[in-house]
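**Q** Each chain is listed here by its residues.
There are 2 protein chains.
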Amino acid sequence: MPTFRAGIDLGATKIQAVVVGPDHAVVGQARHPTPTEGGPPDVAARIADAVREAAESAGVAVEELGGVGVGSPGAVDQEAGTVASARNLPNWEEPFPLAATLTEALGAPVRIDNDVQVAVLGELELGAGKPYSSFLGVWWGTGVGGGIVLDRTLWLGRGAAGEIGHMVVKRGGARCPCGRRGCLEAYAGRGAMEAKARELHDRGHKTVLFDLMKKRGRNRLTSGVWAAALDKDDHMAEQLVHRAVAALGAGIASAVNLLDVEAVVIGGGLGTRLGEPYVEKIAAAMQPHLFVDSRPPDMLPAALGDLGGAIGAALLVEP
Amino acid sequence: MPTFRAGIDLGATKIQAVVVGPDHAVVGQARHPTPTEGGPPDVAARIADAVREAAESAGVAVEELGGVGVGSPGAVDQEAGTVASARNLPNWEEPFPLAATLTEALGAPVRIDNDVQVAVLGELELGAGKPYSSFLGVWWGTGVGGGIVLDRTLWLGRGAAGEIGHMVVKRGGARCPCGRRGCLEAYAGRGAMEAKARELHDRGHKTVLFDLMKKRGRNRLTSGVWAAALDKDDHMAEQLVHRAVAALGAGIASAVNLLDVEAVVIGGGLGTRLGEPYVEKIAAAMQPHLFVDSRPPDMLPAALGDLGGAIGAALLVEP
Numbered sequence: 037m038p039t040f041r042a043g044i045d046l047g048a049t050k051i052q053a054v055v056v057g058p059d060h061a062v063v064g065q066a067r068h069p070t071p072t073e074g075g076p077p078d079v080a081a082r083i084a085d086a087v088r089e090a091a092e093s094a095g096v097a098v099e100e101l102g103g104v105g106v107g108s109p110g111a112v113d114q115e116a117g118t119v120a121s122a123r124n125l126p127n128w129e130e131p132f133p134l135a136a137t138l139t140e141a142l143g144a145p146v147r148i149d150n151d152v153q154v155a156v157l158g159e160l161e162l163g164a165g166k167p168y169s170s171f172l173g174v175w176w177g178t179g180v181g182g183g184i185v186l187d188r189t190l191w192l193g194r195g196a197a198g199e200i201g202h203m204v205v206k207r208g209g210a211r212c213p214c215g216r217r218g219c220l221e222a223y224a225g226r227g228a229m230e231a232k233a234r235e236l237h238d239r240g241h242k243t244v245l246f247d248l249m250k251k252r253g254r255n256r257l258t259s260g261v262w263a264a265a266l267d268k269d270d271h272m273a274e275q276l277v278h279r280a281v282a283a284l285g286a287g288i289a290s291a292v293n294l295l296d297v298e299a300v301v302i303g304g305g306l307g308t309r310l311g312e313p314y315v316e317k318i319a320a321a322m323q324p325h326l327f328v329d330s331r332p333p334d335m336l337p338a339a340l341g342d343l344g345g346a347i348g349a350a351l352l353v354e355p
Numbered sequence: 037m038p039t040f041r042a043g044i045d046l047g048a049t050k051i052q053a054v055v056v057g058p059d060h061a062v063v064g065q066a067r068h069p070t071p072t073e074g075g076p077p078d079v080a081a082r083i084a085d086a087v088r089e090a091a092e093s094a095g096v097a098v099e100e101l102g103g104v105g106v107g108s109p110g111a112v113d114q115e116a117g118t119v120a121s122a123r124n125l126p127n128w129e130e131p132f133p134l135a136a137t138l139t140e141a142l143g144a145p146v147r148i149d150n151d152v153q154v155a156v157l158g159e160l161e162l163g164a165g166k167p168y169s170s171f172l173g174v175w176w177g178t179g180v181g182g183g184i185v186l187d188r189t190l191w192l193g194r195g196a197a198g199e200i201g202h203m204v205v206k207r208g209g210a211r212c213p214c215g216r217r218g219c220l221e222a223y224a225g226r227g228a229m230e231a232k233a234r235e236l237h238d239r240g241h242k243t244v245l246f247d248l249m250k251k252r253g254r255n256r257l258t259s260g261v262w263a264a265a266l267d268k269d270d271h272m273a274e275q276l277v278h279r280a281v282a283a284l285g286a287g288i289a290s291a292v293n294l295l296d297v298e299a300v301v302i303g304g305g306l307g308t309r310l311g312e313p314y315v316e317k318i319a320a321a322m323q324p325h326l327f328v329d330s331r332p333p334d335m336l337p338a339a340l341g342d343l344g345g346a347i348g349a350a351l352l353v354e355p
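Just so you know, the protein sequences line up as chains A and B, in that order. For the first sequence, our numbering assigns the number 37 to the initial residue and increments by one for each residue that follows. For the second sequence, our numbering assigns the number 37 to the initial residue and increments by one for each residue that follows.
To be clear, the hints were calculated from the coordinates, so they are not data collected in a lab. Incorrect hints may have been included.
[Unchecked claim] To give an idea of the interface, some chain B residues facing chain A are shown, with a C-beta separation under 7 angstroms as derived from the structure:
| id | residue |
| --- | --- |
| 1 | Gln-114 |
| 2 | Lys-206 |
| 3 | Ala-210 |
[Unchecked claim] Derived list of chain A stretches under chain B, where covered just means 3 residues or more per stretch with a C-beta under 8 angstroms from a C-beta of chain B:
| id | segment |
| --- | --- |
| 4 | 46-53 |
| 5 | 104-117 |
| 6 | 125-132 |
| 7 | 189-198 |
| 8 | 224-230 |
| 9 | 323-337 |
All of these numbers come straight from a predicted model, not from anything done at the bench. Heads up, the beta-carbon is just placed ideally off N, CA and C, and yes, glycines get one too.
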């Protein structure tokens, strides 16, 4: 019986593959940049390459893999094995049969789920969520995603639960990348933060953010760029991160007032990069909004780090 | 085996008692004003009176009651059968053994739970929530309370889940009766609405709200007063109810974005009084904030009406 499985974290900038053993330990990995041109078949081919490379690094034949799990952005139809409307992937609007394509290429069963749900599942089974019966996972990255664990099970609602980034923290407030107003993500999503930084920069405000970006050969304000700017005490970076933390505090406190979960786990690109000190800042920003403020939830950074999404994806095909 | 049970809805202004039969049908009822002086023993004595009177009206001997359920404000300890910090009841700060006191007076087992949770339980089992696997109950009254039904079970978290009234809809916004800023209840709670109306009235703004209140011999803006002022096209009443509806729209949409429940049931004093047309207004106010706006949750008024809280309380002692 095959005991090795592969997990894929499919992101806008990178494809992270891992191969895990029977105890979920990572025995091999590979990372490729996500194609920025072409379409879904090109992305699928790159995913297959990453799986083969990760298997090779683990000394495992691809034929030995018991299955491949994929955490994907966009609208995932688990039953059909398709992904649609993945806006940050090239020309990926219509539903594409990603599971069937990968099964054909790799000869293993493939399961796909939402990227954030998969990462939260990883934290539930193997990471920061292990000791808790209920917790809220908040994935702070380009957007702000979420996963709700109740009675040690992901609550999915009618399939779209967990959109903590689109809770309203300020009626009539800032425009969100989703087009609505006052969403948490309008203040705390890295995409919205970058747009605001560009706007201020264009208006003549000083910042090292864009110099750091160019120095690193990037065309986006990555989590690493934000962290480096904070290290240099850049005023604009501090102000915009402070604004994000304040919005996260209000939004997460609202969710806790509604659900009274035991813990909150902060992950995502920016959450993982900024880590523990910023988890504490978010906790402090929540405090004035908590209805039962005498026993706030435990606050923890995601424990699985950069590989968490891929490790969580491997759990989708647990034997 | 006793088949009749009593249910009590303990409110700040009234004590509503019902006696229900084996099929949950109401076979007797009584209503008393809640004592405004004295302390917990006086309130308990009045509750016992209401139960006796409801039993008499049903032609049932008190000894025949299989149990008494109570929906109470304040901090309820179900196990201990105590209620503490019931701010709208007279001199009720310390935990008072309400269950033991009523058992002594009535000779029947007594169970107590939070008033809003009990009312939502009633809607789940017997009312508007019957067809749904998941729904959010929003109780729009002096405050804004909530109950979360997932997989046909009330989700209680660590005991305090459902505080939808203290979700933040406007960071840095209006002061809430709870002392925090920007809570939904700061805009939509009848208590906060009345405070705002008094402030505007004192500053010289015209309204019929306080004339209607006096004409009815009240010293508070009851739900009936608000409804009557709306009937007279009173500008201030319209503005403040519109403001409340807008906040309810944002707050409930936030909760739906997080939980993706199938339905929302609107109850409470003001919700029940204003009814269906205002449920539709709340639905319209939610729409621009819904992340998956193509399939909004079903929106319904609570079906059990004024007796819902007491009927739900009777379910606590279901045989």
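**Q** Taking the numbered hints from earlier one at a time, note which ones the structure violates and give those numbers from smallest to largest.
**A** 1, 3, 4, 5, 6, 8
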